[in-house]
Amino acid sequence: MTKRRRMRSAEKTLGTSPGTLTYVGDDIQHATRIKRIDYNTDTYHIDDNSKLSQCQPPDEQAPVIHWVDVDGIHEPQVVSGIGQRYHLHPLLLEDVVNTDQKPKIDFYDEMTDTSPSPMPGSGPVIFVTLKMLHHHRAQPDVDMEHVSLVLGRNFLVSFQEERTKDIFEPVIDRIKASAGKTRRSGPDYLLYALLDLIVDHYLVLTEYIGERMDKLEEVIVKERAGQQTLTELYNLKRELAHMRRVVNPTRDIVGALLREDSELIKPTTIPYLRDLADHINQTLETLDAYREGVSGLMDVYYSIVNNRMNTVMKTLTIVSAIFIPLTFIVGVYGMNFEFMPELKSPHGYFYVWGLMILIAIGEVIYFKRRGWM
Amino acid sequence: MTKRRRMRSAEKTLGTSPGTLTYVGDDIQHATRIKRIDYNTDTYHIDDNSKLSQCQPPDEQAPVIHWVDVDGIHEPQVVSGIGQRYHLHPLLLEDVVNTDQKPKIDFYDEMTDTSPSPMPGSGPVIFVTLKMLHHHRAQPDVDMEHVSLVLGRNFLVSFQEERTKDIFEPVIDRIKASAGKTRRSGPDYLLYALLDLIVDHYLVLTEYIGERMDKLEEVIVKERAGQQTLTELYNLKRELAHMRRVVNPTRDIVGALLREDSELIKPTTIPYLRDLADHINQTLETLDAYREGVSGLMDVYYSIVNNRMNTVMKTLTIVSAIFIPLTFIVGVYGMNFEFMPELKSPHGYFYVWGLMILIAIGEVIYFKRRGWM
Amino acid sequence: MTKRRRMRSAEKTLGTSPGTLTYVGDDIQHATRIKRIDYNTDTYHIDDNSKLSQCQPPDEQAPVIHWVDVDGIHEPQVVSGIGQRYHLHPLLLEDVVNTDQKPKIDFYDEMTDTSPSPMPGSGPVIFVTLKMLHHHRAQPDVDMEHVSLVLGRNFLVSFQEERTKDIFEPVIDRIKASAGKTRRSGPDYLLYALLDLIVDHYLVLTEYIGERMDKLEEVIVKERAGQQTLTELYNLKRELAHMRRVVNPTRDIVGALLREDSELIKPTTIPYLRDLADHINQTLETLDAYREGVSGLMDVYYSIVNNRMNTVMKTLTIVSAIFIPLTFIVGVYGMNFEFMPELKSPHGYFYVWGLMILIAIGEVIYFKRRGWM
Amino acid sequence: MTKRRRMRSAEKTLGTSPGTLTYVGDDIQHATRIKRIDYNTDTYHIDDNSKLSQCQPPDEQAPVIHWVDVDGIHEPQVVSGIGQRYHLHPLLLEDVVNTDQKPKIDFYDEMTDTSPSPMPGSGPVIFVTLKMLHHHRAQPDVDMEHVSLVLGRNFLVSFQEERTKDIFEPVIDRIKASAGKTRRSGPDYLLYALLDLIVDHYLVLTEYIGERMDKLEEVIVKERAGQQTLTELYNLKRELAHMRRVVNPTRDIVGALLREDSELIKPTTIPYLRDLADHINQTLETLDAYREGVSGLMDVYYSIVNNRMNTVMKTLTIVSAIFIPLTFIVGVYGMNFEFMPELKSPHGYFYVWGLMILIAIGEVIYFKRRGWM
Amino acid sequence: MTKRRRMRSAEKTLGTSPGTLTYVGDDIQHATRIKRIDYNTDTYHIDDNSKLSQCQPPDEQAPVIHWVDVDGIHEPQVVSGIGQRYHLHPLLLEDVVNTDQKPKIDFYDEMTDTSPSPMPGSGPVIFVTLKMLHHHRAQPDVDMEHVSLVLGRNFLVSFQEERTKDIFEPVIDRIKASAGKTRRSGPDYLLYALLDLIVDHYLVLTEYIGERMDKLEEVIVKERAGQQTLTELYNLKRELAHMRRVVNPTRDIVGALLREDSELIKPTTIPYLRDLADHINQTLETLDAYREGVSGLMDVYYSIVNNRMNTVMKTLTIVSAIFIPLTFIVGVYGMNFEFMPELKSPHGYFYVWGLMILIAIGEVIYFKRRGWM
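Protein chains in written order, with full-length UniProt numbering: chain A, 1 to 373; chain B, 1 to 373; chain C, 1 to 373; chain D, 1 to 373; chain E, 1 to 373.
Calculated from the structure, these hints are not laboratory results.
Careful, some of the hints might be misleading.
Identical chains share a label here; the pair holds if one copy fits it or two copies do between them.
When the alpha-carbon atoms are kept at most 27 Å apart in a straight line, the in silico DSSO-like pairs for lysine-lysine are as follows [what the hints assert, rightly or not]: (1) Lys266 x Lys104; (2) Lys102 x Lys181; (3) Lys102 x Lys215; (4) Lys35 x Lys51; (5) Lys176 x Lys51; (6) Lys215 x Lys368; (7) Lys344 x Lys368; (8) Lys237 x Lys102; (9) Lys237 x Lys215; (10) Lys237 x Lys222; (11) Lys104 x Lys165; (12) Lys344 x Lys102; (13) Lys181 x Lys237; (14) Lys35 x Lys237; (15) Lys102 x Lys35; (16) Lys104 x Lys35; (17) Lys176 x Lys165; (18) Lys165 x Lys102; (19) Lys266 x Lys35; (20) Lys181 x Lys222.
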């Protein structure tokens, strides 16, 4: 599905001017939903279905953290409206709607070329785009969602593809629940919290892959695997490679946040980001271990198949090697020559049986010695 | 074709003095066509078939951007004429006509050794040479075109191999269409626009390869693949490797433009170049994913072939193992010994049948138990 | 076991606030045991079963080294109690109880956000978490224990999973035994001594793997190996990969200790840490050599199996090629045509035998010439 | 040849003092020939058969470039004579005569320890040693020649193994031909010209390998390849690896010339060296592409062989599976039991034929369905 | 042998205090022999069997170079005695006696913690430990010797495992022979000379491996190779890997000597060390080329084996495919039906022969066409 889509997209946008907003994802019917959350240690206000016109970056001195969560990126006018109100670069918006965009981070300085500087929101922003990976136990498929986060001095704008459920709900719940760490900290901690949520989902998905691998291992070790099992192993391998391509740039994103020394990231958030980097590394390591594991299982499978094949060939060889010569012998005494002295002998028949039994025993001994039986 | 050509070329140029212009591409009949485009925010002038003598870098103070698009690099006198008029280094011109030159970027400082400095056009230039890849849906082949771009203070010279169609037309159309970003910006943005066009074509070609891979996957998974499919997979693999060799140095080119901090690249163009670098990375990543995909498909194909082979061998073994012993038994009672007591027995024939059926059933049970049937 | 556990853990902690202490290891019944050791060159005091309330970082001027060894990390309240008393960061404690945490080192600066600075223990700390690998000769399994070490200005806190035996006993014994190097040096040397102990165990385990590899090699070279041997080789390969994943980050830990130039590591301890880095490198090198060795053994095994298979096929071919034509010949003279002149010939039978012997000898010569016999 | 030679050499020189000149190449009968060329823009003088005593580095102020081309390195006294006259380090001379020396570059500073400094020629020198690869269309073998170049302030000394033809003739011809770039430039450009000549030969050889690969590809794709073709592919692979080992360090040499910022390399020569670096990279890239190509061809070959093998096995299986059961049936009615009711039946014979034809048809249908026929 | 030994060693030293001298090599009966050599340009003095008490680092102003060559490292008291007299760090001595120590270099600064500084020998030292590899033509085995070198301001201490022959004799001979470079230079040149000797032995061993590879190649190309040859190839591969593990860290040692800019290495020795680095690189490159060569030979061997197997299978198939149908036909006319019209026909027998010959010819043509015969 993804592949087919991207194909059309590249040909569609060929030759258009850069900065043109073209949504290339699946067709969506619903309207974009905008959630507006303002909070600080003392209080919070959540507008579940805000109008575009209500969204505006707060004054820099305002003691409030402003979060706009845009649920749907298929309506260019909404995205570009948000862009105008929060003074976002056209190329940034292009990446927001381009669901094929791979995860990356961009540090935008003051928007000097779009508007006079003293307006709220025209300060530097950090732009992060990455992939949310859901897995629903019921379905075998993984749902990949294109997520973009824009961190300003005292606001954060998040974009997600339209789905029935808002992926950031646990964080909103934490804001509602108590005046904890999230409420006490700035928008950089909010950025961290959202990234952490996404990375946690990577880990859950990794574990699900691990479970399937364990099941396949059991099937293979008990020598009950067939072509079916092998195909599943190849699928697992592909999924692991795909996850790696999603998780790996996420590590670079967090690395850049730690390294770039932006004024938007406060020192107290650094340990949390380091912890996040740790989790990502752990996920990557687990993915690598699983990839090795899958390769190992394939090797074991092939070695078992090969072994069985060898047994088949040995059986064929033993049966043939024993009975073909005997068949020749009985063929000899089935000839109709008029003069065949053995045929007249009263015990010829038994002698021949004796000879054949001797040959058969000899061959069995020979095969046993060579370890074929 | 490419290979054969290069061969002649290397032996031809062996021992000649460096800086000699020798065109090594396909033979071309048409004359070189030169397009001259002068534009700024307010106006534009396009001369579709300019004479060499009309081409001249504009004065540094002139409020105009000067673009010369040379369509054909097979006439050394034309290329060297352009070189003289725009004060280009002989080695630069050698790379322009050498269609075997791999993509690269060179930063030339002031041309102090060829002419007195105050003349227009003798300032620093950035030289970029790379490959255009076209794919025409109708034909299976990919058309590779050697493209060179020279960026000066207020001019840009582009060279392309002679083809029926100018590859840069979409950009010319944009200049004609409106006083947009392209018209408002300098020659560095024009350089970006041309590079972006070329990179977009890489993406289209990558997607075409992806489509073919999908088709092959379907054939393989449905177990209808043969040697033919495998050969196509090998071709795909080779094409992917070839594309990688074209796209990879292009990444280095854009990287150098971003890194080198040349006075010719204005800060406002930097975000666009970063965006371009992003697109190239995405193409490279897709190529890598496809290469892994092709390898995976090969493995699946081989595993299917192997599996089928095993089934063939099992069938042979089962048929042989059942009937060879039975044939031996009937051979025994086909012997012509005068004294064979069983032959006289009125039910001997039926006993033998019974024995043979027992053996056959025994073997079938044995094979079923071992999982061969 | 490990895998299953981690699975539950990731889903369990999904969406919880960072810094929440959740023990994810095996269920443990026993209570946590705390050992408190205070020592200097002159004297030492060991409290084998200290109460949490007795633990407290010593005054910075106190001429004593304070070591708290926490045996059990399954009781969150104990770990968080230690954390409060020694002013440890919540994320640090999270890593202490998370038995899935991979080995790493963290340098924590002054705990300015948790408590006023002049209190003892609130200075900078180095946090190291790594894995202890035990191998008990009797059992085939390897016991992996999650160990964390916190080094402060004049104290060291160690955490280990609850086991029947304290893994740090040899170091405690050395403290008891005499006023040697360990007693004369600071807590940084104690950290080194504990790391050294853990690394020594890696080496012992590596050697155990080497022993098993030697045994497998003997079996394979003597051509007595079967699918069983191969499975063991795969297990060895997996164990080596697992050990590499444990030992490799340990190298990074020691590397960081050497590189980071922390005030907590005294110059006199540096040569010892370098020596430790050396041991780790040696272990890694041995692991790599063993991995190559295992791959080599697999190749030898496969080549032997392949060779045997070829012998089987040759035997089948020779037997078939000799007897099938002969069986055809005797079949010819078993036909019941009324007019078959050879049958009347008095020596026909012997002629046929002669012919058949000639054919058999011819084939034997042919096979010998081709090197098949 | 090379291998055997090196063997003797290593054992021969074991334990000798470093700096001892020991020629280890093939035995040579001819005397060393020394060419002495002095040139500048206005004039040139060539002495084709100079005496050692005539060679002397020119005075630093002399407006002349001095080139000594030593044709033969098998006479230690000649090489050491040149070394004394041009003040070359003993280790440099050791590398000149050691034909096993791999390509490298060395920057020697003032020879302060061998002679008082104001003498001509005792300034810094750049020493380059590399391999010339010739290929003669008539012979299949490649001729490898050990070449050394010493660049001083106003002189260049070149050493080559004795061959019937001087490999540097094209450059001498250019000097003779006209007062072009070579004559106008300094000894550093001469160094470049000689390196360029050698690198051009690499390219020619690479193309020759490409031609052979094309031929093998044709043979393989047309499925006419045998063990012979495979052996040739292995040889090609080995040659490619060998060429890589020759060309790769040459890249490092040119890289060092560009990087090291020696006073001996003038800025105007830098673009030419960059161009040279480009050519080497192109050669390396082509070598890599060819290596991939050879691997691909091997894979295709093996897949074709495997495919053919499968066809053979299927044929065997089909023939056996059809005729072995039928042979059993006719065997049944060849038994000599006195009481076999079917034998008396007047249409028994035809019924049996019918049964056998039915079985055969059934099997053919079965095999067709499984895709084996 | 080595493996078994190391095993015992790791378990033996588990938990002992660092710096404890434990010899882990083979059991040795002989006493340690100490050679003491004092030399300068004018004179030299060699004491072949010095007492430990006679060894003492010379005064820093003494115009003499002092070399102590300790032949045997199995007596801890001797090694620790030397250590005390030359003020060597305990960890250094531990590496001297630990024959499992991999090659490395350590730079020790002033021994401030062991003794007051003005005593001779307490200055900085460079410690190098590496492996000597001997090969005796008569025996197939390679003798690996653990060698350690300690370079001080005006002394050098060398340790080697006890063997019948001193490996450094050629250097001692050169000291005896004449007042050459070795006598004229300092202890750093002596260090170089000893390293050079060891590296030369690596080269000799590499060549010996090359010779064996050449022999195996001949056997394989002439298609006379069996399982035996393959096993030898695997052994070669293992030896190459082992040598690489010995030579590679030696390169790092020389690299560190060149890079570290120690006061103990004089500038005049640098060119010699660079030359040495060159030799090591050459050895490594040769090892890599040989490894590729061995892999290539294995591939050729397998392809030949595979090819032969295919021939065997084709032979089986052809014989079976021709004779099995014919045997069926003669079986048909061996049936005993009372009514079989063909049997009465006077020429039936000959018709059947004709039919069978036709079938056989048809099959031969068919197989020839498919290229199987």
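Here is what the structure says about each hint:
no. : hint            : verdict
1   : Lys266 x Lys104 : both (21 Å within a copy, 23 Å between copies)
2   : Lys102 x Lys181 : between (31 Å within a copy, 26 Å between copies)
3   : Lys102 x Lys215 : between (32 Å within a copy, 25 Å between copies)
4   : Lys35 x Lys51   : within (9 Å within a copy, 51 Å between copies)
5   : Lys176 x Lys51  : within (21 Å within a copy, 39 Å between copies)
6   : Lys215 x Lys368 : between (37 Å within a copy, 25 Å between copies)
7   : Lys344 x Lys368 : neither (37 Å within a copy, 38 Å between copies)
8   : Lys237 x Lys102 : both (20 Å within a copy, 23 Å between copies)
9   : Lys237 x Lys215 : both (15 Å within a copy, 20 Å between copies)
10  : Lys237 x Lys222 : both (21 Å within a copy, 20 Å between copies)
11  : Lys104 x Lys165 : within (24 Å within a copy, 36 Å between copies)
12  : Lys344 x Lys102 : neither (91 Å within a copy, 84 Å between copies)
13  : Lys181 x Lys237 : neither (39 Å within a copy, 45 Å between copies)
14  : Lys35 x Lys237  : neither (38 Å within a copy, 47 Å between copies)
15  : Lys102 x Lys35  : within (25 Å within a copy, 38 Å between copies)
16  : Lys104 x Lys35  : within (24 Å within a copy, 39 Å between copies)
17  : Lys176 x Lys165 : within (18 Å within a copy, 46 Å between copies)
18  : Lys165 x Lys102 : within (23 Å within a copy, 33 Å between copies)
19  : Lys266 x Lys35  : within (25 Å within a copy, 38 Å between copies)
20  : Lys181 x Lys222 : neither (50 Å within a copy, 55 Å between copies)
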